[in-house]
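Colleague: Each chain is listed here by its residues.
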Amino acid sequence: MNSPIKNTRKMQESPIPTPTLPLKGRGFAVGDAVAHDSAHLHVSGRATYADDVREPRGTLHAAIAYSPIARGVLRAVDLVDVLAMKDVVGAFTAKDIPGKNCYGAITHDEPFLAEDRVEFVGQPIAIIVAKTRDAARRAARKAKFDIADETPILTINDAIAANSLLKPPTIIERGVPKEAIARATHSVRGECEIGAQEHFYLEGQIALAIPHEDGQMQVIVSTQHPTEMQQVTATILGIGWNDVVSEVRRLGGGFGGKEVQPAQFAALAALAAHHTQCPVKLRLDRDDDFLITGKRHDFAFHYDAASDANGRLTAFDLTLSSRCGFSTDYSHQVNDRALCHIDNGYHHTNLKVTNYRCRTNTQSATAFRGFGAPQGMFAIEHCIESIARNVGRDPLDVRKANFYGEKTGLTTHYGQAVEGFWLPQMVERLEQTSDYRARRAAITTHNARNPIIRKGISLTPVMFGVSFNASFLNRGSALLSLYLDGTFVLNHAGTEMGQGLFIKMQQIVAEAFGVDARKVRSTTTNTSKLPNTPPTAASSGADLNGMAVLDACNILKARLAPWLSKVLQCEANDIEFCDGVVTSKHGVIFLTMQELATRATFAKIPLTAQGFYYTPGIQWNGETFSGKPAYYFAYGAAVSEVAVDTLTGEHKVTRVDILHDVGKSLNPAIDRGQIEGGFVQGMGYLTSEELVWDGKGRLRTHAPSTYKIPTAADVPEVFNVELWDQDNHVESIHRSKAVGEPPLMLAFSVWFAIADAISSYTDSRAMPKLVAPATPEAILRAMHAARAAR
Amino acid sequence: MNAVSTSIKFLLNGAPHEVADLDPHTSVLSYLREHLFLTGTKEGCAEGDCGACTVAIAELDGVDRLRVMPINACIRLLPTIDGKALFTVEALSMFGESGELHPVQQAMVDCHASQCGFCTPGFVMSLFALFKNDVAPSRERICEAISGNLCRCTGYRPIIEAAQQATHSRIAQSMRANESENQIVDKNNLAASHPFKLGLEIRSSSSTWLHCAAADSNAPAARDAEKHIAKSLAALQRNSALDYRANDARFIAPRTLDEFSTLVETLPSAWILSGGTDVGLWINKALQTNSTILYTGEIAALRKIDIHQGALTIGAAASLEDAFRAMNQHYPELAHVWTRFASWPIRASGTLGGNVANGSPIGDSMPALITLGAEVVLRKGAKQRTIPLESLYIDYKKQSREPGEWVEAIRVPARAEGMQIASYKNSKRNEQDISAVCAAIAMTIEDGVVTKARIAYGGVAGIPKRAANTEAAVIGKPWNETTVRAAMQAMTNDFTPMNDMRASAEYRMQVAQNHLLRFWHESQDEAASLEARVF
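Heads up: the sequence lines are chains G and P, in that order. Each residue of the first sequence is one higher than the one before, counting from 1 in my numbering. Each residue of the second sequence is one higher than the one before, counting from 1 in my numbering.
No lab work stands behind these hints: they were computed from the structure. The C-beta atom is built at its ideal place from N, Cα and C for all residues, glycine as well. Errors might be hidden in some of the hints.
What the hints assert, rightly or not - For lysine to any residue, the following SDA-like pairs were computed, each having C-alpha atoms within a straight-line distance of at most 25 Å: (1) Lys696/G x Ser504/P; (2) Lys144/G x Trp282/P; (3) Lys131/G x Trp282/P; (4) Lys142/G x Asn290/P; (5) Lys285/P x Lys769/G; (6) Lys769/G x Asn499/P; (7) Lys769/G x Met501/P; (8) Lys86/G x Arg33/P; (9) Lys285/P x Asp574/G; (10) Lys652/G x Glu140/P; (11) Lys86/G x Trp282/P; (12) Lys696/G x Gly462/P; (13) Lys604/G x Asp574/G; (14) Lys652/G x Asn290/P; (15) Lys696/G x Met501/P; (16) Lys652/G x Gln164/P; (17) Lys131/G x Arg245/P; (18) Lys131/G x Gln164/P; (19) Lys380/P x Ile463/P; (20) Lys652/G x Ala20/P; (21) Lys86/G x Ala270/P; (22) Lys131/G x Ala246/P; (23) Lys131/G x Ala20/P; (24) Lys652/G x Ile463/P.
Unchecked claim - Coverage of chain P stretches by chain G, computed from C-beta distances (three or more under 8 Å per stretch; other residues unrestricted): (25) 42 to 51; (26) 79 to 91; (27) 118 to 126; (28) 150 to 161; (29) 509 to 517.
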């Protein structure tokens, strides 16, 4: 391997060049730290979100009336008082659906509106339409439901006891785990819970449906999956997909919460628009958004594991259970992904996993950045840490001892060969740059002296498989057009939710045609331009659509080449696009893009190209739990240090060092943003973000007043981020790697640093009984348990 | 009573603006977005907790100075803006040539501080308020200034960096400082009410002032621009009460205590509105309305803070921000709780009187006030009485106030010699979170013996409450760990905390006890070396 270390960009020390300094003597293109395409619009309030689109004349507003009961038979719906309210135009229930009343991410097992049963507190039963949003919300509260309530199944334990499962347990067995554990010299037993997480996109769910002539419907929805919105609109109205256009310019955050969740709102807005023949906007109040929409799956797990004296894992017997809520949603895919990620860079020899997918009377758990991977990875990290405490070694050394390699093995538990595995080198480097060993020693000294503040440190790795497990979803499409004035307009299947996808795509066009990325115009994501698109999810937006954009560029260039070689009097190979012109390598003739477009049009050459891409060579068999689901792996590692207040359980993250692998970065500024943002979101997930349901299944934390995502002061002042500078070993778009989800798991280092601090009560020999999120209360409880166990 | 007013008048992004026929319950946010289509300001939560709706208001400060504050537009009722200057994100770059960005905006772009961009306008406005108020703020101060703004994408690091860059930037000012005064022409034409239909004159002065950082506030061009806006604002000030009626509802903003007192007596079912940080939620979340709203925010006497020989009399309508700043001068130990108390926009709107009168068991000002021996001045008609603050609270949502009696002021006594004071707050999140437990302790220790102690807690009972048994367990005792441990035990007789989504009863009690232990640790000589706090 080349030595990547020499080339590593030290981002903390040398800041990313600002966009005022073109890097390559030309406009911005691939590899440049160009600003987000909408940055100037974001800061000036001019970026248009769904709620900012000027409402067509006569737009009505809708609100949802939902179930106050977690489980029961819906005997009657009384909307008399609703309809009597001022400015109310109509109220619609399941009976008013002309098409089908069912949808779902994969399995169509969710009703748009509850029909004969209610399955969770917050389940929509009726949609109320009024002249104003305020009137609709007031009226919605007047709805009366006659529900014969039944005892709800709320927790993982409830569900397993009642055998309320989406399907029988999934069991994976490799080697001889039971025997290996029975004969092991060192064994550990552990358990933990890892709570759910609310997406808390700043822009709540919103859909605007506009009826058009001849039964057609347009829906403007804040969604990561415009095609799904098109599909559900067609489904609820019983019309063809060709009668629906779904579009979105940008989302105010998605994180997985706008993949399938907006479907219900798009469909209901369309239903109301269909009946009233007026545009209808459905914008959820934040509390309703919390109550109705799905969250990250909470998991509980327990395990028996065995190791040798050095902490090398010899067997892992894991029971991993997830709370899926009332419907299937993406729960199978999320759980599969959890099971695929119980390696996180470590080799399994003897393995058994028993995985329960629990159906409960709660919001249907759904996609969320990481998509099951965090929960699976958390289980193995918990185990590795337990082993380290058990054999009395620094957890970092035990991690290193278990990495994939010649000594351990280079095949995952699902049979994929591990290639391009440079995680150990990354960990090695981070250990040095973060000064891990010296800080570890200083912490030990500190903890021996200070009665109130305990410190802890942890280095955790990330190995994340990139691709949808469902192979057919791994496709991208793009539509690139050159206008007569020499400007490009780009459309592709991906949605812009803040991740910088659009600017990356523009950079790819810029690279191909030698123009400035900022001059390429991205349009709304629109189902009438590119049909049958997969969601922008699984970190794959840039990978899939980037390749499709490149394909479109190449098609257009290839189409122009014969004609251009005549015009430029050169070989096709010698045609060069740079600095906004096309010329030949040797020649003196050049054309501006405007001249090119005009003359090519006169030469009757079409200037629109559609690009397509699918990820090659991946396949997955869910039955045998084997295949090659990941095109490649993205790696990262983080070191976090924390100080824990032993009197209150509060903690502060005092320093973070990250080294992350994005391959050859398409845009280091955007990628760094994803890394830092993912880390902080993960930190919230594992510390302050606690969702609490009461005994009747009512979510008690349904607003930012009670649900606490991190704020600025939670971010450590020392926050070093470095990109690992090595090209992707497979042919990805310009050899970059996906960056959306993997950094979230870097935040494990915070949780394990807290655990490390607590573990100091037992001379680091016991894994604390700490749950996630590690709230002050959870930490204090774990500290008491650790003290008692001393 | 005064003549009924059919309209509200204020400066919107520098231009005079008049609103009529608008329900007085309408929030600033709804008005901007739904009536003016100024959609730069966003709704994230409609309860003042996320900051996406942050806008800035400027008030007259003296004759020709302006005071800038960030506020949450979602819970601020539009009639409360009467007589003020309201600035939205659109203002910062609407004046410049070819969309030139404000230094705060440019820094946000340069530092890659926006991703999805939805929270960004709110951050920009909080940072704008910081830019106008603080010269070269520390990182800590920057975090405090944006504690009311949530971002789910960036992880905040680039935003903090942008704040540092913008508040240290003087480029815009030096450019603007050269503008001559005669470019600024007086114009007070109330007819020009469309936000984008602005005269060049207004553009010029507003632009100069908006782009001028706190460090340059005395530069000639900046002063001229400020004076110009102040003059426009002065013209909007009312000498008598605003009595605005629309949509069968009435919003009255009296100017004097006597007027207010009479109104409370004659309109007993009216809402009394101060900062609106709670009332705003009644409207947005509980969908409540009231035919009459009495606003305390324009009663100068009620916003006053008097300091006499170290004793403070804080008018009930003084903002939390002002009240805390005044108290910090005499009781700096309380700053720990005050900086964790809500967020800057909430503290700028919310009032100390509102916090006290609301009497929530988790109101963070009361434990400290009770510990310091604060009194509350109650008024009904012409009758006034003063009682110790702790005797105001009887039981959950039950107070010793008579019907119609209202809080006029809070009196904080001068600091006693030799008193050791500490305040503690803890919650799931460090910033802008409701306390699990809030504590304040004041103790006098003479010759190693506790001679006086006042200890009060929030979050552990139905009301903010003194820990009588705990106090008794330390008074007259030697100040040592044995005493502290005994007092911690005694505390279990003082409180019966509740279980809820924030914390369990067990946790609250344990932490309440531990706060006393911490106080003891901190009172020891080696305290400094112990690094006893993480925040």
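Colleague: Tell me, in ascending order, the numbers of any earlier hints that this structure violates.
Modeller: 5, 9, 14, 18, 20, 24
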